[in-house]
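Trainee: Chain order of the listed sequences is C and U.
Take the first sequence: its letter number 49 is residue 49 in the numbering used here, and every next letter is one higher.
Take any residue in the second sequence, note its place counting from 1, add 440, and you have its number in the numbering used here.
By construction, these hints were calculated from the structure, which means they are not laboratory data.
The structure presented is a predicted model; accordingly, all values stated were derived computationally and were not measured.
Among the hints, a few may not be true.
Derived lysine-lysine pairs resembling BS3-like cross-links, with alpha carbons at most 27 Å apart [said to hold, decoys possible]:
1) U:Lys779 - C:Lys68
2) C:Lys350 - C:Lys376
3) U:Lys660 - C:Lys175
4) U:Lys660 - C:Lys198
5) U:Lys660 - C:Lys59
6) U:Lys779 - C:Lys318
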Amino acid sequence: MRHQIGLTQGEPSLGRTGRTGQAVRLVLGVSLGITLAGGLASCKKHAPAAAVDKDVQAKLLGELIDAKPGDVISIPAGTYHFDTSLSLNVDGVTVKGAGKDATILDFSGLVNGAEGMLVHASDFTIEGLTLQNTKGDALKINEGQNIVIRGVRARWTGGPSTKNGAYGLYPVQTKNLLVEDSEAIGASDAGIYVGQSKNIVVRNNTVRQNVAGIEIENSTDADVHDNIATENTGGILVFNMPNLPVPGSSTRVFHNHSFANNTANFGARGTAVASVPAGTGVIVNSNPKVEIFDNDIADNQTANVIVSSYFSTGYMNKTGVAAAYDPYPSAIYIYGNRFQGGGTSPDGVKLQALRVAMFGVGGHFPDVLWDGYFDKSKLVNGKIDPALAICVDNGAAGVLNADGPEEYKNPSTDTAQYACTLPKLPPVVLTGKLAEAATK
Amino acid sequence: MKSAIVFGGIAALVAVAGWFAAPMLAPSRPPVPYFIADGLPAHLSDWGVVGTGGGRLSLGRNVVPYDLATPLFTDYAGKLRTVYVPPGQPARYDDTQTFDFPVGTIISKTFYYPLPAGVGAADGQVLPTTPANAQNGAAGLDLTHVRLMETRILARRASGWIALPYVWNAEQTDAELMRTGTIEHLAMQLPDGKTQDVAYAVPNVNQCASCHTPDNASRKLSPIGPKARHLNHVFAYADGAENQLAHWQRLGLLADAPAPEAAPRNADYHDTTQPLAARARAYLDINCGHCHNARGLARTTGLHLDAGVTDIRRLGTCKPPVAAGPGTGDHIFDIVPGKPDDSILAFRLAATAPGIRMPEAGRTLVHQEGVALIRDWIASLPGSCNS
Numbered sequence: 001m002r003h004q005i006g007l008t009q010g011e012p013s014l015g016r017t018g019r020t021g022q023a024v025r026l027v028l029g030v031s032l033g034i035t036l037a038g039g040l041a042s043c044k045k046h047a048p049a050a051a052v053d054k055d056v057q058a059k060l061l062g063e064l065i066d067a068k069p070g071d072v073i074s075i076p077a078g079t080y081h082f083d084t085s086l087s088l089n090v091d092g093v094t095v096k097g098a099g100k101d102a103t104i105l106d107f108s109g110l111v112n113g114a115e116g117m118l119v120h121a122s123d124f125t126i127e128g129l130t131l132q133n134t135k136g137d138a139l140k141i142n143e144g145q146n147i148v149i150r151g152v153r154a155r156w157t158g159g160p161s162t163k164n165g166a167y168g169l170y171p172v173q174t175k176n177l178l179v180e181d182s183e184a185i186g187a188s189d190a191g192i193y194v195g196q197s198k199n200i201v202v203r204n205n206t207v208r209q210n211v212a213g214i215e216i217e218n219s220t221d222a223d224v225h226d227n228i229a230t231e232n233t234g235g236i237l238v239f240n241m242p243n244l245p246v247p248g249s250s251t252r253v254f255h256n257h258s259f260a261n262n263t264a265n266f267g268a269r270g271t272a273v274a275s276v277p278a279g280t281g282v283i284v285n286s287n288p289k290v291e292i293f294d295n296d297i298a299d300n301q302t303a304n305v306i307v308s309s310y311f312s313t314g315y316m317n318k319t320g321v322a323a324a325y326d327p328y329p330s331a332i333y334i335y336g337n338r339f340q341g342g343g344t345s346p347d348g349v350k351l352q353a354l355r356v357a358m359f360g361v362g363g364h365f366p367d368v369l370w371d372g373y374f375d376k377s378k379l380v381n382g383k384i385d386p387a388l389a390i391c392v393d394n395g396a397a398g399v400l401n402a403d404g405p406e407e408y409k410n411p412s413t414d415t416a417q418y419a420c421t422l423p424k425l426p427p428v429v430l431t432g433k434l435a436e437a438a439t440k
Numbered sequence: 441m442k443s444a445i446v447f448g449g450i451a452a453l454v455a456v457a458g459w460f461a462a463p464m465l466a467p468s469r470p471p472v473p474y475f476i477a478d479g480l481p482a483h484l485s486d487w488g489v490v491g492t493g494g495g496r497l498s499l500g501r502n503v504v505p506y507d508l509a510t511p512l513f514t515d516y517a518g519k520l521r522t523v524y525v526p527p528g529q530p531a532r533y534d535d536t537q538t539f540d541f542p543v544g545t546i547i548s549k550t551f552y553y554p555l556p557a558g559v560g561a562a563d564g565q566v567l568p569t570t571p572a573n574a575q576n577g578a579a580g581l582d583l584t585h586v587r588l589m590e591t592r593i594l595a596r597r598a599s600g601w602i603a604l605p606y607v608w609n610a611e612q613t614d615a616e617l618m619r620t621g622t623i624e625h626l627a628m629q630l631p632d633g634k635t636q637d638v639a640y641a642v643p644n645v646n647q648c649a650s651c652h653t654p655d656n657a658s659r660k661l662s663p664i665g666p667k668a669r670h671l672n673h674v675f676a677y678a679d680g681a682e683n684q685l686a687h688w689q690r691l692g693l694l695a696d697a698p699a700p701e702a703a704p705r706n707a708d709y710h711d712t713t714q715p716l717a718a719r720a721r722a723y724l725d726i727n728c729g730h731c732h733n734a735r736g737l738a739r740t741t742g743l744h745l746d747a748g749v750t751d752i753r754r755l756g757t758c759k760p761p762v763a764a765g766p767g768t769g770d771h772i773f774d775i776v777p778g779k780p781d782d783s784i785l786a787f788r789l790a791a792t793a794p795g796i797r798m799p800e801a802g803r804t805l806v807h808q809e810g811v812a813l814i815r816d817w818i819a820s821l822p823g824s825c826n827s
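Chain U on its own, in the form it takes in the complex (with noise of 0.2 Å):
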């Protein structure tokens, strides 16, 4: 494989001894998982959450698959969330922070991309991802057409959360712990014929930490998604649909939730249904929120846009950069009322320079369907800034 290549000079610092480097178990026996509560488990089938065999990524025993109302961009990858918390040791709930997770809490999210027809997984050719060819995950992955890419967990150790980035072998048959990340470069065939290189980034253990830092002061990690306001929605399940925060509760995951009706919810942003701010601002809170907040590693900027937040100013309404350097564009203000063209956020919303666009991580293309809400949000903002 590549990347054993490109990384063998150090395999000593990123292949600390497997203890559990057996084969990954057919799905008819669900793997088991198993918290490691030290060291740096070389293989993603040590942790037991999710398993391969019969052509399908089967869940652990106890695992529990999980979506928001509405995610952050990765490169039009598909994305597989799942989580496992020790039995009879429920979250404790909050209303706008991540739950508060026991000790022997594993998160894992597994990024993966569809395959054209006739297409093998080591081939480097991948289809961007779309409600279409999305699988839920709610019984696992049918492998048939997709490239596993990577598997990122999040273990709650006595420690604090502790974050490892697994990346798929060739055989697609485990994934092998780099915490020093990797770029895989694919061709990406779009719906026009047309094919986009990609770099796909699998991020280093210290910029899982860019994201995942909710206080920089602390600079504590911390899950993002797990937070009632993106989980506050019905969940296709294999044994039927039911509300995530209820189905939590429900199954011992979680404890001291209100009813759903009463918990806050964001917006699906794919859904026309719903107002076009809310929509925005689940997108913004998303894609921006984790670092542009008041605590967050944007804070020095001034511009917050977490979804508690009011201040039209700190949302970035007429709002002079502070540090952007050329992510200005040659705009002067972060958002203009019903100018998109004229706003720094569509801007770099829609740039793929690194140091131009944003989010800095985690993306190098642009999110089209993003864009295109945020442009008609900020289209629809009343007001202008020549006073």
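With the rest of the complex left out, here is chain C (with noise of 0.2 Å):
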């Protein structure tokens, strides 16, 4: 059951491109030099390969754990070796540094916790450094309302690999939340990933070779807007899982440019980025109420917008997803886009052979391909119910159901039931002192 079905490409991936021996170069590229300079006594085996900033380190951990309320912590220009994450636990806390191109905090030698900087409070907020090279997440927020993220580069410098951490930057179960500004570079999941939280808005960013550029996760009333995604394996993503204790809704993704992302997927098996199909600009999986338009799409290899189902993910199954989980993508609409190229070579030789079938040996993909599911529990009169029908509504672009139900058996370019429209999404109201930045 489990692999039967695929945008995913069919096959467990260990063979990926990008999957080995990308780690190594990363640990070496950074360290050369510094341990030199550091003249480590201690240095054995198991030691950080680069000279740990001790003095800086312990005293931005006493600036964290001693945060009062309304505190700027500042860290200024300069590169920083760290052997332990950062954490913060106080509400109202500014962490500023002088510039992402200015201070760089890199945990290539982290051996004492995962995430480069892990913070659990409310009306934080962070900007102006880059943290890269942790083991684990480059900046996790788990749970906290008023977040900005402004200006903060996270990355990986030996280029894509599954040894990478998973997370560039990742609010989780966070409420009124802005995210501007800054960039993703190589995280082994996503760039930038919002999971669970409320109210967001993610602007004028870049995600560079990560698995997935930007991702929302059952998350509920977003705006990404005006950011760059290209050479990831998927630009943006809006994606519901299971078991978790909301579903999102109501995102919407506009004048974005996501371009050329055709990465091989690089992602760890088991991840729900693993079953995005390099060459993906867009992707809505079993997500309601997406709204995607006045977007830039381009030369992204299997499609330039993808709707597909958790069916698609090669995850499903009755033990261990949630029996109230909807694994259907439905109201999505997509109007007003620019497309250009794509389609060209699907990830994965089962898209490939449809892709040959359909369209011969240099054809390629129309710009929207939908896996075919749909909840028949829910059909009226025999149809998909109007208001929860995809629609597209974008001058020539073409559809294809690739009836992933019945294993490609039957596909489909006719575009007849795609014209139609759905009510517009209304956009994301900062509140508080992110709608004073909002409006800056």
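Two chains, each in its own frame: build the complex with the hints.
Mentor: Next up, the structure:
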């Protein structure tokens, strides 16, 4: 059952490019020249490769421990090597570097903890610094409201590798969130990953060489706009996963530039993003109420837009997936995007075969690929409920229903069923201090 | 001392005046617990819950040692746990949660390693703690072949619990407050003759909260161990063996406890006479359940491993991971019944890389006995994930 259908590559993925060999280069690349300068007498085979900036680390840890609401913790320009994860548990604190090109915190030698910075706090702002080469997530904010991430770069400097940390910028269970002017490069899962959150703006960011560039997961009321996503496996994802406290809905993806996201999928098998075909511009999975409009989406080799169900991930089963989970995408509205190229070389043998069978050796998938799953229990008079429909109002853009449920037996390019409209979602309105930030 | 040099630059931060920085008392005169209601005492001796002298770590007056049915694994360190409750103010019993301790309570946990023969505490060589060389702490610790690493204090103040890590000095006479934590590099001599490097991590104060915050919404600190199910077994006290709940109740540390037979009880994971499932669940409860529960830090994963969980999906059966990243080890479900090699849970317990290993904090080595137990348990589970 698990592998019979697939937008996945269909087979277990141990042989994917980019899975091995990169991590060693990463560690060595950072350590050169620095161990000499540090003169670490106690440097044994398990000791960090780069000299740890103990004084800076201890000072910063102390400031984070003793922080009071209203504090601004400044980190001056410089590259600092830390062996311990940073953490903050106090509300109302700002952590500020001298700019993401100037203040660089490097965690290549991390032995204590997994994340670069782990925050359990509300009214938190972080800006103007780089967190790099963490073993786990670069920045994780675990529950809080009124969160601003601005001008922060999360990156792994050795290029795409499954050994890289999972998430770059990772707010989870947050409310009233702004992520802007930031970057994520090389995450082995998602570069910017907003999980289980509400009232979200993600804008003006650049995401490159991640498995997923930006992922909005189990989140409600998100505006994702004016971002640049390229060289990822998938540019922008809107997902719902099972077994979590809340399902997400109502995401608007607009005025982004998502192009040439053709990096081979280097996500670990079993992760949700491992199911994303390389060459995806924007993908919706199992999520209701998603609006995709006014984007420039180009040259994504599987498809510029994919609409899919959890059935296509290969993880669906009765025992381990909550019965309450809705695995179908619904109320998806795609309009006014500028599509170019794409669909020329879909990921995986089955999709390639489908492309050749339908469009010829030199042909390509249309701009929108739907895996074809829909909830039969919600049909109205034998047809999809207009309120739950996939509507595509995008000039000449075509749609391919791949007929995933029947293993691609009856794929269709008939676009008649998508000729519909849906009520537009309201813009996200950030509140409190974030409202001021949003209109700066 | 190495750590004193490392942290010299922030002495002002960690070394708030030690009002009671007197020399440790000899065991003939046990230290007297002194609850410090404010501030950050610079020395462990300020609290008076344990003291050194005459080659022993001795317990303060009215300080009661305890242990847990199944403990958290911390890189094969031995642990001496103590509790001090102000006289006449017993903690209130609870069936499932940590007991409600009064202001003035001081809980301590001292981490130590046995030493190889002829090796001093400052040499950096240690042995893994085993049932054979562990001390139960009923009368403190014999320090003849022991290196004290750190003592963590949890004190119940009017404002709530405070967590303070103290690192033992090279002379092993006192421990110094080190709120920003530290890493001690050790060489552990294994039974097979090999040496294992250990980067022993003393947590910083914020990292203490990463385990000791049972409710991530309130973010209030709390002890983890002093719960009925962890304590409900016999402890060999210096003056005779007794069930810990009964002992605490008899001494006035605890009120309203039911008879031990009526209280919940976790299994001893070592005890092969007890059911495999009970041993495995006790192990997951104490090692994972403080984060992996409905209100803990790992509630975002949907995987709940605390003792009260009965839904096998919540426990990970055929459950796809949520945010594991490379922590999946290329496996697609947390637990595949009958197949430990295919189960993320077993993979992460057996991993050592930061970001992959679980628990995330508190260990850098693999707990071989724990991994074997969880693998046996997964292998024993019925069913499959194929439908």
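Trainee: Hint compliance check: list the failing hint numbers for this structure, sorted ascending.
Mentor: Structure breaks hint 1 only.
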